[in-house]
Amino acid sequence: KNQVEQSPQSLIILEGKNCTLQCNYTVSPFSNLRWYKQDTGRGPVSLTIMTFSENTKSNGRYTATLDADTKQSSLHITASQLSDSASYICVVTILTGGGNKLTFGTGTQLKVEL
Amino acid sequence: NAGVTQTPKFQVLKTGQSMTLQCAQDMNHNSMYWYRQDPGMGLRLIYYSASEGTTDKGEVPNGYNVSRLNKREFSLRLESAAPSQTSVYFCASSGGQGHTEAFFGQGTRLTVV
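Protein sequence lines correspond, in order, to chains A and B.
When we follow my numbering, the leftmost residue of the first sequence carries the number 1, and every step to the right adds one.
When we follow my numbering, the leftmost residue of the second sequence carries the number 1, and every step to the right adds one.
Possibly wrong hints are sitting among the right ones.
[As the list claims (entries may be wrong)] Derived DEER-like restraints, expressed as beta-carbon distance ranges:
id, chain 1, residue 1, chain 2, residue 2, range
1, A, Arg42, B, Asn28, 22 to 30 Å
2, B, Pro8, A, Pro29, 33 to 41 Å
3, A, Glu5, B, Asn62, 22 to 30 Å
4, A, Thr40, B, Met27, 23 to 31 Å
5, A, Thr51, B, Pro61, 40 to 48 Å
6, A, Gln9, B, Ser84, 20 to 28 Å
7, B, Pro39, A, His76, 23 to 31 Å
8, B, Thr15, A, Gly41, 31 to 39 Å
9, A, Thr51, B, Glu73, 25 to 33 Å
10, B, Asn28, A, Leu95, 14 to 22 Å
11, A, Thr51, B, Met19, 38 to 46 Å
12, A, Asp69, B, Glu59, 21 to 29 Å
13, A, Glu54, B, Ser84, 33 to 41 Å
14, A, Ser58, B, Ser80, 22 to 30 Å
In case anyone wonders, no lab produced these hints; they're calculated from the structure.
For every residue, glycine included, the Cβ atom is placed at its ideal position computed from N, Cα and C.
One chain only, chain B, in its complex shape (with noise of 0.2 Å):
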């Protein structure tokens, strides 16, 4: 049972450059998520699918753009990365309205320089 997956799991990028981070659920859930996670902070969310085909901004969403490609797939894109974009990022998964458990990934870790 994979669950939700993530990758990469580590990243180094230099400022201005971009990047897609990847993430698959394979339990057909509709709900999708992304959260960045900075010490002394709690998970903010920076963008979510509500369902396929839909995506709206959370918490944090500038200088992010997410791509909702199928009900498995939901990625997250720096277009220009930026030092304060550095964070360990996790996606999660859902199964919805009522359904609230959010299943996550094991994480990036994103460093920018």
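Next comes chain A alone, as it looks inside the complex (with noise of 0.2 Å):
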């Protein structure tokens, strides 16, 4: 069982509608976690970083919240644009003696239409 479980897998919705991901967590113990977004044919790009005693940061569009005691996040999209279509991935980081540890979800696939 995959310790970052994200849904929904994909998603399409219409230019200009707001979208939410979610994600659940068993990783412990829990460090930080990341929201990234990879476009097709390429390496995932980081949107935000929440620790343990943050609940939510903004980046431009992109809203991500943390609730720490249920291990769930979510990343909220006001008004997407179509550039926003792409995989967004949930990363949860935990701090080993041999460094950091990521654990990557599977990703949500979104596709925003006209």
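Put the two chains together into one complex; each comes in its own frame, and the hints tell you how they fit.
Structural data, given as structure tokens:
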């Protein structure tokens, strides 16, 4: 069972609409949680980072929330654009003696259509 | 700003052939990683190097070897390629403890026939 689970697996929305992506995790001890955006054929790029004590973080039209008690995070995209079409990956980091350990979710594939 | 550079971008191998994927970063990062990405699965860690001179196995190390040549470079070698190693491979780097943003290369799409 994946320690970082995302839903939905895929999503199609019309340009200008909002959407929310979900991430549930079980990894511990938790250090921080990041949302990455991965365009087709490219490497992932970090959008937001939240530590244990943060509840929300915004980056332009992207707003991430975190509930460390229930181990849930969400990524809300406002006024979607065609360029938002990508895979959005939730990544949880724990710190170990051997360095940072990143555990990746399988991603949500978002398609924004006209 | 080059960031993380991987070569090659595409490669087709025959079963049993060997090859090395190259990765270099110019951000003076301590930690470097190799991941593979397969359809329907999250990125899975093959090997990582927390600092120059050290390497450790990740989640799926079988069939691979790595070399941390210096602080900039971290290579991944397939000694005898198998069809199960068909995947997209990503190299990444991060600053190390407390600096957890990972910067990724563009990926190498490898097909083993």
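Next item on the list: Look at the Cβ atoms of Thr51 of chain A and Pro61 of chain B and judge whether their distance stays inside 40 to 48 Å.
Entry: violated (30 Å)
Check: Range hint 22 to 30 Å: satisfied by the CB atoms of Glu5 of chain A and Asn62 of chain B?
Finding: holds (25 Å)
Next item on the list: Could you check the hint for me, namely that Ser58 of chain A and Ser80 of chain B are 22 to 30 Å apart, CB to CB?
Entry: violated (48 Å)
Notebook entry, point to check: If you check the beta carbons of Glu54 of chain A and Ser84 of chain B, does the distance land in 33 to 41 Å?
Noted result: Holds - the Cβ-Cβ distance for Glu54 of chain A and Ser84 of chain B, about 40 Å, lies within 33 to 41 Å.
Checklist line | Distance restraint evaluation - Arg42 of chain A, Asn28 of chain B, Cβ atoms, bounds 22 to 30 Å | finding: Holds: the Cβ-Cβ distance is about 23 Å, inside 22 to 30 Å.
Next item on the list: Look at the Cβ atoms of Thr40 of chain A and Met27 of chain B and judge whether their distance stays inside 23 to 31 Å.
Entry: holds (25 Å)
Check: So the hint says 20 to 28 Å: do the beta-carbon atoms of Gln9 of chain A and Ser84 of chain B match that?
Finding: Holds, since Gln9 of chain A and Ser84 of chain B (Cβ atoms, about 23 Å apart) stay within the stated range.
Next item on the list: For Thr51 of chain A and Met19 of chain B, compare the CB-CB distance with the range 38 to 46 Å and indicate the outcome.
Entry: Since the Cβ atoms of Thr51 of chain A and Met19 of chain B sit about 40 Å apart, the hinted range of 38 to 46 Å holds.
Margin query: Is 33 to 41 Å respected by the C-beta to C-beta distance linking Pro8 of chain B and Pro29 of chain A?
Written below: holds (38 Å)
Notebook entry, point to check: Is 31 to 39 Å right for how far apart the beta carbons of Thr15 of chain B and Gly41 of chain A are?
Noted result: Because 26 Å falls outside the window, the suggested range is violated.
Item checked: C-beta pair Thr51 of chain A, Glu73 of chain B: status relative to the range 25 to 33 Å that was hinted -> At 31 Å between Cβs, range holds.
Notebook entry, point to check: Is the gap between the beta carbons of Asp69 of chain A and Glu59 of chain B within 21 to 29 Å?
Noted result: holds (28 Å)
In the structure shown, a violation is registered for the earlier hints numbered 5, 8 and 14, in ascending order.
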